[in-house]
Amino acid sequence: MNGSAAYLSSSRRQREIETIKQWMALCASQHEANNCNTRRSKIQPERLIDLSTEHGGPRLVPASSLDPSVEFAALSYRWGSAENLKTTLENLSQMQEHIPCDSLPPTHRDAFELVKSIGFRYLWIDALCIIQDNGADKHREILKMGSVYSNATLVIAAMTSKSTEKGLFSTATNSLPLADDNFHDVMRACRTMPRKHWESIISETLPLLCRGWAFQERLLARRIIHFTDAELVWECKGEIWCECGNIMKVGHLKRGINNLNAAFDLSAKSPAPERVRPMWRECVKTFSRRDLTDRKDRVFAIRGVAELLRPNCEDLYISGLWKDALPYDLLWRCDQSTVLGEKKSCHGPSWSWESVDCGINWPSRHNDRWKGSLPIPCDSYFERGLSGPIDCAHAEMKENCPDKSPISPGHIHLDTRIMEITIRKNTHTSLDISLLETDWHVEMTGGRRLPFYPDIQLTGEACFYYVEVVAPPTNEVGWQAGLIVRELSPSKLDGMHWYERVGVAGEMSFDPTQFTSSFVPESPSRRVILA
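Each number in the working numbering comes from the position in the sequence shown (counting from 1) with 65 added on.
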């Protein structure tokens, strides 16, 4: 970097630090009613980084030795593939004495500098505050991640860094973003891919938005400062600001359809299930499309969001779904534009979206005002009073699961109708397939058909069944949908039959008035156990 560029970079860095300090002071003094100054949990991380020079430089300290109300910052970033300094069993004692700053990657070094410059003493970075080769410590601290980011006085987001090698502060000398670009729309939305033309913007310029863990880190933060190549963007529970001021000019949209963060904050304060349930589905739809290095993290990387919503809806959260929203919440479906896996994951029961590794959708209601995705405050069709014969008789968690609450795999008992079906490939035109968003349908005796959305790649000649979840009331029009399952080994206990979900069938996105009779002929209900 030449002298002129170095001066510009240094000047910009100092300007950014001063801007953050001003925004911090403004938020602290004006947003008391928005809970920006209020912690959501009493849970503390095991360790924090003490940045003071009193004991020879930065070091790890036990959080239990500090005042429970101590302020700290937390870093949200992408690890990347490089082998960076991290805390291990071997170097733990050394890290408690002194953290060698020269060995830190640029993003971590910049975070150290920033936190000290804005007046904080303590910082939390997962690579340094968690013992990375100790399974018990790692599991325990992962369960606290939601509390860490919701309790942090400030979350620092390295929005443009694909790894820790780029650093936090931008070295770009370009001007602030134009008023008519997509930058502010993307930043305000807090969603991964609500619009297809945003995908390239996100993956190339805002790669942190593609990281699974970063979703809840942003959503739970009381205050978060986003470092982008264009400018700083501030987001708290009271306002959203940027350096150029353009993002505030569309402030009237802040509580609208695209600001998932603001809508989540409203839902977290409301005990009404009709608000919490659709909010949760929007969170899952966005989170499920993000990247995770470790597949099993899909269970934990959104846990903090569920923890925050659970007290307000007074419901049991079981394997990614809410018990009181069953059986209708079982109608999640896999995004058919992605490559499906060959089998279900062992990290979640087959009836949960945790068992697949792809984007998740739920049925949406269409009317004259909204075409396509539901606005967050609205509800889905199965919360409009549509009745069905289904009874979710029992949802059971495994007793030997080390983490029984709130995330535990288990099985569900449904008292419903079940019918053998055949799965077939569509022979429609490409236009029809595009409208249905699937290449498959299920067919039963008599030729009745429903679009089928598989969870996995299906092979072989297994026998499949349709488990009814939603049916139109007698002599009325309405939606209908059900789970497609295959039988596991019959249980010797009471002759019960156990089933594995392999997909969902139903008219998911069209006019619900098109059916006038049930897909399943009149037949008695029986107990179905989903594993």
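What the hints contain is simulated information worked out from the structure, not anything from laboratory work. Please read these numbers as outputs of a predicted model, since none were measured by experiment. Take these hints with a grain of salt, some might be off.
[Stated by the list, open to error] With a straight-line Cα cutoff of 30 Å, these simulated DSS-like cross-link-like pairs (lysine-lysine) come out:
#: 1; residue 1: Lys209; residue 2: Lys409
#: 2; residue 1: Lys361; residue 2: Lys408
#: 3; residue 1: Lys490; residue 2: Lys209
#: 4; residue 1: Lys181; residue 2: Lys86
#: 5; residue 1: Lys203; residue 2: Lys490
#: 6; residue 1: Lys181; residue 2: Lys151
#: 7; residue 1: Lys409; residue 2: Lys107
#: 8; residue 1: Lys490; residue 2: Lys388
#: 9; residue 1: Lys227; residue 2: Lys151
#: 10; residue 1: Lys361; residue 2: Lys209
#: 11; residue 1: Lys408; residue 2: Lys490
#: 12; residue 1: Lys181; residue 2: Lys203
#: 13; residue 1: Lys361; residue 2: Lys181
#: 14; residue 1: Lys227; residue 2: Lys203
#: 15; residue 1: Lys227; residue 2: Lys361
#: 16; residue 1: Lys388; residue 2: Lys227
#: 17; residue 1: Lys209; residue 2: Lys107
#: 18; residue 1: Lys181; residue 2: Lys227
#: 19; residue 1: Lys181; residue 2: Lys209
#: 20; residue 1: Lys151; residue 2: Lys203
#: 21; residue 1: Lys409; residue 2: Lys388
#: 22; residue 1: Lys151; residue 2: Lys107
#: 23; residue 1: Lys408; residue 2: Lys388
[Unchecked claim] Cβ-Cβ distance ranges computed for the label pairs, FRET-style:
#: 24; residue 1: Gly200; residue 2: Glu502; range: 38 to 48 Å
#: 25; residue 1: Glu407; residue 2: His562; range: 37 to 47 Å
#: 26; residue 1: Glu526; residue 2: His204; range: 34 to 44 Å
In this text, a Cβ means the ideal position worked out from N, Cα and C, and glycines have one as well.
* To do: Please flag the earlier hints that this structure goes against, numbers listed from lowest up.
  => When the structure is compared with the hints, numbers 3, 5, 7, 8, 13, 16, 25 turn out to be violated.
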